[in-house]
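My request is simple: use the sequences and hints to build the entire structure.
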Amino acid sequence: MEEIKEVFLKLSKEKGIRYGELRIEESEVTSISFRGKELEELSVSKSRGGNIRILGRYGWGFVSFNDIDPKSIREYFEQAYRASNLIVGEELDIEYSVPIVDKVVIPMSKDFRGVPLDEKKKLLSEYNNIMLSFSPKIQSTQVRYNDRFSKKYFINTEGIDVVQERGDLSGVLVALAKEGDLVEQYHYSLGGIEGFQIIEGLHDKALHTAEMAVKLLSAPVVKGGEYTVVLDQRLAGVFIHEAFGHLSEADHVYENEKLKELMVIGKKFGPDFLNVVDDPTYQGLRGSYKYDDEGIPSKKTYLIRNGVLSGRLHSRETAKKMGEPITGNARAINYRFQPIVRMSNTYIEPGNYSFEELISDIKYGIYAVGAYGGQTSMEMFTFSAQEGYIIENGKIGDMVRDVVLTGNVFITLQNIEGVGNDLKFSQGGGCGKGGQSPLPVSTGSPHIRIRNVVIGGR
Amino acid sequence: MEELIRKLKDESIEGDVFSRRGVSTLVTFEANKLKSIESSESSGVSLRVVMDKKIGYASQYGIYEPEWLLDKAKATANIETKLKLPEGLKMREESYDESLDGVSIEYLTNLGKGIVEKILNSYPEVICNVEISKDKGETLLVNTSGVNCIRKKVSLGVGVHINRIKGTDMLDVYEEITVKRLDNIDTDRLVSKMFYALNASENIVKPSKSQVPVIFTPKAVYVLLLPIISALSGKILLMGASPLQDKVGKLFFDKKFTLIDDPANSEGLAKTSFDDEGMPTKTLPLVDSGVVGEFYFDLHTASLLGKEANGHGFRGGLSQPSPGLTNLIINPGDSSIKDIISSFEEVIVVDQMMGVGQGNILSGEFSVNIHLGFLYRKGEVVGRVKDSMVAGNAYKALSNIAALSSEREWIEGSLYTPYICIPELTVVSKE
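Sequence order for the protein chains is A and B. Number 457 marks the last residue of the first sequence (numbering that gives the first Met the number 0); no jumps. Number 430 marks the last residue of the second sequence (numbering that gives the first Met the number 0); no jumps.
Hints may be right or wrong, so weigh each one.
As a list, the in silico DSSO-like pairs of lysine-lysine whose alpha-carbon atoms are at most 27 Å apart [to be verified]: (1) B/K32 <-> A/K320; (2) A/K36 <-> B/K83; (3) A/K136 <-> B/K306; (4) B/K255 <-> B/K165; (5) A/K257 <-> B/K117; (6) B/K73 <-> A/K120; (7) B/K52 <-> A/K257; (8) B/K255 <-> A/K119; (9) A/K14 <-> B/K32; (10) B/K429 <-> A/K119; (11) A/K266 <-> B/K165; (12) A/K36 <-> B/K429; (13) B/K429 <-> A/K267; (14) A/K432 <-> B/K135.
Label-pair restraints from in silico Cβ distances [claimed, not checked]: (15) B/K249 <-> A/G88: 33 to 39 Å; (16) B/F194 <-> A/P437: 54 to 60 Å; (17) A/E199 <-> B/E64: 27 to 33 Å; (18) A/G88 <-> B/L189: 18 to 24 Å; (19) B/E93 <-> A/D68: 28 to 34 Å; (20) B/Y63 <-> A/R450: 44 to 50 Å.
FYI, nobody ran anything at the bench for these hints, they're computed from the structure. Backbone N, C-alpha and C fix where the C-beta goes; we use that ideal spot for every residue, glycine too.
Below you can see the structure in the form of structure tokens.
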């Protein structure tokens with residue numbers, strides 16, 4: 000490693016480049032999955048790769064590779080350097096940093112690397128059997144587990160030399176219920192960086208997953224229309240990630256004058272009681288990190304404070320161009336990709352209402368629970384619930400299924416009527432952007448209530 | 000690789016070794032300007048062993064340690080199987096246009112520059128992002144029963160995104176084209192499609208009622224196909240969760256609907272005469288004139304079901320083989336898209352969606368935001384439909400098709416499809 004660093008730094012000096020960086024990443028992954036009663040996958044993989052990124056006068060040259068030795072690094076450097084010089088156009092500059100030397104190890108309470116394969120398999124098969132034996136209506140199941148230990152080296156021409164190690168674990172339990180031609184499914188997903196214990200003791204979750212899959216069989220499809228909705232913490236987290244989080248990623252905005260006008264700091268986006276935060280320094284979440292993939296120390300950023308746009312997420316380049324403080328949100332899913340502006344742990348801060356208060360005066364609405372996912376086009380977005388319930392005269396009533404909601408960033412945030420006091424984080428999800436998916440992120444929110452939300456349906 | 004096979008043979012273990020090598024170049028234009036030039040070299044190897052009727056699996060990217068692979072593959076051998084590795088197939092598949100492989104970075108940047116200039120000449124107010132990539136890949140499969148297959152491919156992909164903002168109204172239009180022969184790259188046609196969308200989006204309109212005929216463009220057809228191709232996967236059959244499992248040989252879809260997986264189609268990017276397990280590929284009628292045809296399998300899944308494998312075991316990256324598809328082909332109809340649109344008082348043409356696959360896919364239910372869609376009255380476009388969702392059930396929709404267009408288009412180089420018109424779906428719009 001030392002020799003490779005030296006070659007990189009020496010070449011950078013020789014060529015007199017303005018800014019360059021070298022990232023090397025080593026990782027080891029174990030994947031286990033069951034499908035129905037069959038063990039579907041049990042495999043291990045190992046990878047080692049890196050990249051060099053060089054800032055030319057007008058643009059970036061980037062090369063990624065698997066072959067890491069001093070000789071090949073020299074060739075890849077030349078390649079990235081040539082590419083950076085081929086770009087001609089508008090001058091490009093970035094924010095610079097001070098030198099940092101650091102090693103960051105996120106400790107795991109129970110290191111998954113020390114857990115034998117058989118023990119992992121056995122635990123997953125327990126969850127699987129609970130679901131399979133729940134009811135004759137359970138047609139099949141899936142249990143998927145993935146653990147990934149990675150070590151990332153970051154070296155740049157500013158004197159940053161940082162090593163970050165962490166273990167990321169994710170899993171999902173899926174139950175499929177069938178009656179006649181109707182197949183319904185329910186899932187429970189989780190993830191975390193604190194060790195193997197987070198996937199232990201989920202027997203009740205497995206039971207609940209199977210139970211919900213069966214219940215969905217008798218739930219009718221939601222009727223399409225505009226509703227007052229209450230979102231549970233998991234779905235509200237996905238909502239804020241899609242509805243607003245992506246729009247506060249500065250790379251969508253920094254080169255777009257019209258969008259800059261729409262997204263000007265100080266603009267009112269929601270009610271006074273709405274506060275939205277992105278915080279990679281939050282301890283112990285999947286979206287947490289000390290340095291981003293440009294070597295910048297992470298920090299907490301208020302995206303919306305008291306309903307007003309108060310900040311956005313930046314890379315070195317977007318911060319410079321917009322003249323705003325750098326936030327340390329440039330992330331790459333792995334060494335094959337350039338870092339781009341991403342969220343980390345994004346959440347709505349808790350408000351004053353209890354869940355009962357949020358629903359008490361709703362005459363007819365929908366309580367939407369759990370998340371299948373979401374998508375945004377910046378202005379419009381969709382997000383879908385695992386299950387829904389009719390709210391009638393302030394009471395939770397019958398279950399409905401296939402609840403997919405849509406909104407418009409300029410309308411829907413203003414329509415938030417209440418924020419609960421019960422903030423919770425969800426860690427099972429991954430985020431996709433620019434072909435880099437799934438990036439570990441966390442979302443969080445208390446229960447929230449929104450009026451006039453369009454729900455699709457027949 | 001030969002070394003690994005020799006080690007397996009020495010220990011009398013059955014197995015296969017699958018390796019990938021790739022070289023790609025990507026040029027990116029951001030906000031009308033060339034922003035970055037990337038290249039990537041990758042190489043990796045995976046090893047599957049079958050010991051005492053159990054599968055074990057290990058893979059490595061960037062490192063090649065035969066001992067580690069063998070140890071880990073043996074240690075993970077837990078998956079019970081009845082699969083028998085194929086014997087003796089020796090093949091070479093080349094989709095390799097030398098002139099495409101030979102294009103320089105300058106060629107790629109000039110291609111992008113040309114597209115940006117053309118768009119800005121007509122629409123100076125828009126912002127365009129363009130990505131042009133050249134991808135070269137080689138896979139090699141060798142097993143202990145004499146299989147030795149090589150596949151070499153090179154392709155060129157162009158993706159264009161246009162953003163236009165008026166007030167708080169944002170319009171995003173995407174188009175892409177992926178080709179394996181340089182002379183097939185028709186960027187003029189791609190740009191003219193985008194111009195059509197920009198012109199048609201001048202006004203925002205709403206349909207007059209919520210039950211309307213809907214036409215899915217080739218780009219949008221996937222929302223209807225996704226449940227069907229999922230339901231026909233051998234894995235879903237194995238779970239007993241396929242809504243189509245007892246429909247094989249029966250008329251279940253509209254008679255006008257024929258869906259074929261055709262690995263032999265020479266236009267398709269996924270053309271291949273063997274799969275990633277060393278089986279010869281087979282053309283599969285998934286749906287033949289409305290009749291449910293065949294499921295698709297990898298070796299292991301087929302063996303568990305007691306079915307015959309049909310050459311559809313494919314690997315994503317270096318992961319284990321699973322049932323996969325190649326070139327999906329949908330048969331065309333008789334009328335032109337213009338005539339189909341004109342045949343309705345009012346019809347919505349959906350071109351881009353958000354939220355596809357975000358739900359219970361197997362049930363066939365879909366409910367998606369119309370990210371880009373147009374309303375036509377009496378054959379004339381009246382404007383863009385937005386802040387709206389279209390919902391329905393894919394099985395029901397495809398069992399009652401109003402029309403398929405005579406024109407077809409390639410999507411991402413591996414889906415060849417006409418426009419599909421469904422006589423009635425529910426559209427909910429913001430009041």
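Among the hints numbered above, which are violated by the structure, and what are their numbers in rising order? 4, 7, 8, 10, 12, 15, 16 and 20
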